[in-house]
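Engineer: In the numbering used here, the protein residues as written are 1 to 175.
These are computed hints drawn from the structure, not numbers from a lab. There could be a bad hint or two in this list.
[To be verified] With a cut-off of at most 30 Å between alpha-carbon atoms, the simulated DSSO-like pairs for lysine-lysine come out as follows:
no.	residue 1	residue 2
1	Lys89	Lys146
2	Lys120	Lys86
3	Lys118	Lys129
4	Lys67	Lys86
5	Lys89	Lys62
6	Lys86	Lys70
7	Lys146	Lys175
8	Lys86	Lys111
9	Lys67	Lys175
10	Lys175	Lys118
11	Lys70	Lys11
12	Lys146	Lys120
13	Lys118	Lys62
14	Lys12	Lys70
15	Lys89	Lys129
16	Lys89	Lys67
17	Lys62	Lys175
18	Lys146	Lys129
19	Lys175	Lys86
20	Lys111	Lys175
21	Lys70	Lys146
22	Lys89	Lys175
23	Lys120	Lys67
24	Lys6	Lys70
25	Lys129	Lys67
[As the list claims (entries may be wrong)] Here are the simulated distance ranges between beta carbons:
no.	residue 1	residue 2	range
26	Lys67	Ile150	27 to 33 Å
27	Asn148	Lys67	19 to 25 Å
28	Tyr33	Ser103	39 to 45 Å
29	Ile30	Asn77	15 to 21 Å
30	Ser75	Val32	37 to 43 Å
31	Glu171	Ile18	32 to 38 Å
32	Asn10	Tyr33	30 to 36 Å
33	Ser66	Leu14	50 to 56 Å
No residue lacks a Cβ here, since even glycine has one placed at the ideal position from N, Cα and C.
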Amino acid sequence: MSDNQKNARNKKVLYGIIALLGVVIIVLGIYVYNLSNRSTTTIVTAPTKSASSEKASSSTKKYVASKDYKITYSSTNFIDRSTLDKALKNSTGADISYMMDTSEDGGDMAKVEVYYNKDKNLLVENLFKNGHSSNEATTAVVYDLKNNQIVNSGVNYDTNYQPSWLVYTWEKLTK
Numbered sequence: 001m002s003d004n005q006k007n008a009r010n011k012k013v014l015y016g017i018i019a020l021l022g023v024v025i026i027v028l029g030i031y032v033y034n035l036s037n038r039s040t041t042t043i044v045t046a047p048t049k050s051a052s053s054e055k056a057s058s059s060t061k062k063y064v065a066s067k068d069y070k071i072t073y074s075s076t077n078f079i080d081r082s083t084l085d086k087a088l089k090n091s092t093g094a095d096i097s098y099m100m101d102t103s104e105d106g107g108d109m110a111k112v113e114v115y116y117n118k119d120k121n122l123l124v125e126n127l128f129k130n131g132h133s134s135n136e137a138t139t140a141v142v143y144d145l146k147n148n149q150i151v152n153s154g155v156n157y158d159t160n161y162q163p164s165w166l167v168y169t170w171e172k173l174t175k
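Let's have the full structure, built from the sequences with the hints guiding it.
Structural biologist: This is the structure we're talking about:
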């Protein structure tokens with residue numbers, strides 16, 4: 001074998017190794033990209049009140065949107081979504097796990113409707129517990145957006161509705 005043939009063969013082997021490394025790098029890049037863009041669900045539990053309820057809440061379930069519950073934002077031209085989400089978190093402190101929880105210290109909700117009174121800058125949250133026989137809310141919470149505080153809890157005040165717009169609905173889909 002001449003030197004030219006050896007050099008040509010060595011070049012082919014070198015180019016083959018470089019091509020193989022390139023393919024490996026591309027495959028690893030795609031794998032890492034898919035891992036970093038994978039959708040995940042974070043579960044946050046509501047604060048517990050005692051040691052026994054703390055044990056029960058440590059085994060929380062994953063709840064999946066559109067399977068276990070549904071959230072609908074409407075009339076968001078009256079109130080922006082981030083303000084609404086912040087106010088809901090401040091007024092209830094509850095998360096999806098809490099609302100889905102049917103235990104004694106859980107939310108046990110079937111539905112939550114939130115109305116926005118633009119004139120008074122209030123949110124009126126109607127809470128519907130599971131198993132309630134009428135179409136009326138079992139509890140209402142009135143939240144003042146200006147002062148970031150609950151002004152009425154447990155009572156539904158119709159005067160807070162006028163004029164009001166339905167801006168948020170949460171519904172439990174699983175039985």
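Engineer: Any of the earlier hints contradicted here, and which numbers?
Structural biologist: 7, 10, 11, 13, 14, 23, 24, 27, 29 and 31
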